[in-house]
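Model the placement of chain B on the given structure of chain A, informed by the hints.
Top line first, the protein sequences correspond to chains A and B. Using the UniProt record's numbering, read the first sequence as starting at 1 and increasing by one per residue. Using the UniProt record's numbering, read the second sequence as starting at 1 and increasing by one per residue.
Because the hints were derived from the structure by calculation, they are not lab data. Certain hints may be false.
[What the hints assert, rightly or not] To give a feel for the contact side, a few chain B residues facing chain A, derived at Cβ under 7 Å:
| # | residue |
| --- | --- |
| 1 | Phe7 |
| 2 | Asp9 |
| 3 | Leu45 |
| 4 | Ala47 |
| 5 | Phe51 |
| 6 | Ala52 |
| 7 | Met55 |
| 8 | Gly102 |
| 9 | His183 |
[To be verified] Far from chain A by the CB rule (all over 10 Å, computed), these chain B residues:
| # | residue |
| --- | --- |
| 10 | Ala10 |
| 11 | Val21 |
| 12 | Arg42 |
| 13 | Val93 |
| 14 | Lys134 |
| 15 | Pro141 |
| 16 | Gly199 |
Glycine included, each C-beta is placed from N, C-alpha and C at the ideal position.
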Amino acid sequence: MSTRRFFAVALVVTLLVAGVASYYASSHPDGLEYVAEQTGFIDSAEDSATADSPLADYQTSGVDDARISGGLAGVIGVVVMLLLSTGLFWLVRRREPHDVDHGDGHDADRHAHQSEA
Amino acid sequence: MHVPDGFLDAPTSLATGAVAVAAVALSLRGARRELDDRTAPRAGLVATFVFAAQMMNFPVGAGTSGHLMGGALAAVLVGPWTAVLCLSVVLVVQALLMADGGITALGTNITLIGIVTVVVGWAVFVLLRRVLPKRVSMVAPAAAVGGFVSVPVAALVFTALFSVGGNVSVDLGAVLTAMLGWHVVIGVGEAVVTGLVVGSVVATRPDLVHGARPLLEERDLELRPGLVR
Chain A
1 MSTRRFFAVA LVVTLLVAGV ASYYASSHPD GLEYVAEQTG FIDSAEDSAT ADSPLADYQT
61 SGVDDARISG GLAGVIGVVV MLLLSTGLFW LVRRREPHDV DHGDGHDADR HAHQSEA
Chain B
1 MHVPDGFLDA PTSLATGAVA VAAVALSLRG ARRELDDRTA PRAGLVATFV FAAQMMNFPV
61 GAGTSGHLMG GALAAVLVGP WTAVLCLSVV LVVQALLMAD GGITALGTNI TLIGIVTVVV
121 GWAVFVLLRR VLPKRVSMVA PAAAVGGFVS VPVAALVFTA LFSVGGNVSV DLGAVLTAML
181 GWHVVIGVGE AVVTGLVVGS VVATRPDLVH GARPLLEERD LELRPGLVR
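Okay, chain A solo, but in the shape it has when bound (with noise of 0.2 Å):
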């Protein structure tokens, strides 16, 4: 599999997860919520300052289909992310010799970066 098609592919699966099958999750309460409620500390729990967010709890607000206001949520999240970590990433990364060299012949630069790799 070509690295551009497994990339497409992997895409997919996510935006069809986010989208589509998270309609289907469960809605019970995640194991620490449970516990909480269990051994009586759930009541400690405080709104969060963005729980009026317009993407809030994977809902969109002003969407009343469930299944829409929900995968609408969920594609917007994923877009962000894709670019959030894609951008940070790709300022971290560490550059290789031939991407700082644009051809202006300045040899030193080259090899300055070549012997920081």
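Relative to the frame of chain A, chain B by itself:
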């Protein structure tokens, strides 16, 4: 296991916040070794996949659910330093955009889900890779076991934090038993998802799996002994 605001007091939240900041700073340095032009986009995709997978709560019986944490999964796919950053971005987006996990609890959530599960998952994986037969087919099972162990350990660390800085005083023994019990079961789900996802990538493109790299190099050496210098 996203901790909401209010479970832990301010000093504890500040302390986990400091741990999170230090770990992210270290990981930004460490990830330079794991990320290049080819792996950076892949790491972005892994972080995004973990975000999506965390939306899929699976039932674990008796009115409870769990979802993938993804520390072991991300560490095996893109390396442990990058995995800490992957999970941190996921947790920041969840807290700010989706109100999933508290804001003052962000440091706690990065500590539990971003650091503990990555460190434990990766450590167990590396240990198993050392003792299991040196085959690429062992990568997915080793990752699955790493995922399984990471979840109850994170539950244990939460309980420890709660015993120090819980805002309500409750029976800590009961909290410990319940947290461990449920998260062992959730760990089974973590193992299944981690094993399936790592297994699919290993089956299609083993060269894209960070944790499989030493095994692939060994295999290449065996296949082409003439090329060994």
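Run the C-beta distances from Gly199/B to all of chain A and say if the shortest one exceeds 10 Å.
It holds; Gly199/B is separated from chain A by about 14 Å at its closest Cβ, greater than 10 Å.
Quick one: work out the minimum CB distance from Arg42/B to chain A and report holds if it exceeds 10 Å, violated otherwise.
The claim is violated: Arg42/B sits with its nearest Cβ about 8 Å from chain A, within 10 Å.
Hey, does the Phe7/B contact hint survive, CB to chain A under 7 Å?
6 Å, holds
Test the statement that Pro141/B is away from the interface with chain A: the closest C-beta pair must be farther apart than 10 Å.
About 21 Å separates Pro141/B from the closest Cβ of chain A, which puts it past 10 Å; holds.
Can we keep the Ala47/B interface hint, with Cβ of chain A closer than 7 Å?
4 Å, holds
A closest beta-carbon separation below 7 Å is what the hint needs, so does Phe51/B meet it against chain A?
Holds - the Cβ of Phe51/B comes within 7 Å of chain A, reaching about 5 Å at its closest.
Closest C-beta approach of Gly102/B to chain A relative to 7 Å, hint status
Holds, about 5 Å.
Would the hint on Asp9/B be counted as holding, given a Cβ-Cβ threshold of 7 Å to chain A?
10 Å, violated
So, as I understand it, the hint says His183/B touches chain A; can you test that by seeing if any CB pair is closer than 7 Å?
Nearest chain A Cβ about 5 Å off; hint holds.
Interface hint outcome for Met55/B [beta carbon to chain A under 7 Å]
4 Å, holds
Quick one: work out the minimum CB distance from Val93/B to chain A and report holds if it exceeds 10 Å, violated otherwise.
6 Å, violated
Determine whether the non-interface label on Ala10/B survives the test: each CB of chain A must be over 10 Å from its CB.
With a cut-off of 10 Å, Ala10/B remains clear of chain A, as the shortest Cβ separation is near 12 Å.
When each numbered hint is compared with the structure, violations occur for hints 2, 12 and 13.
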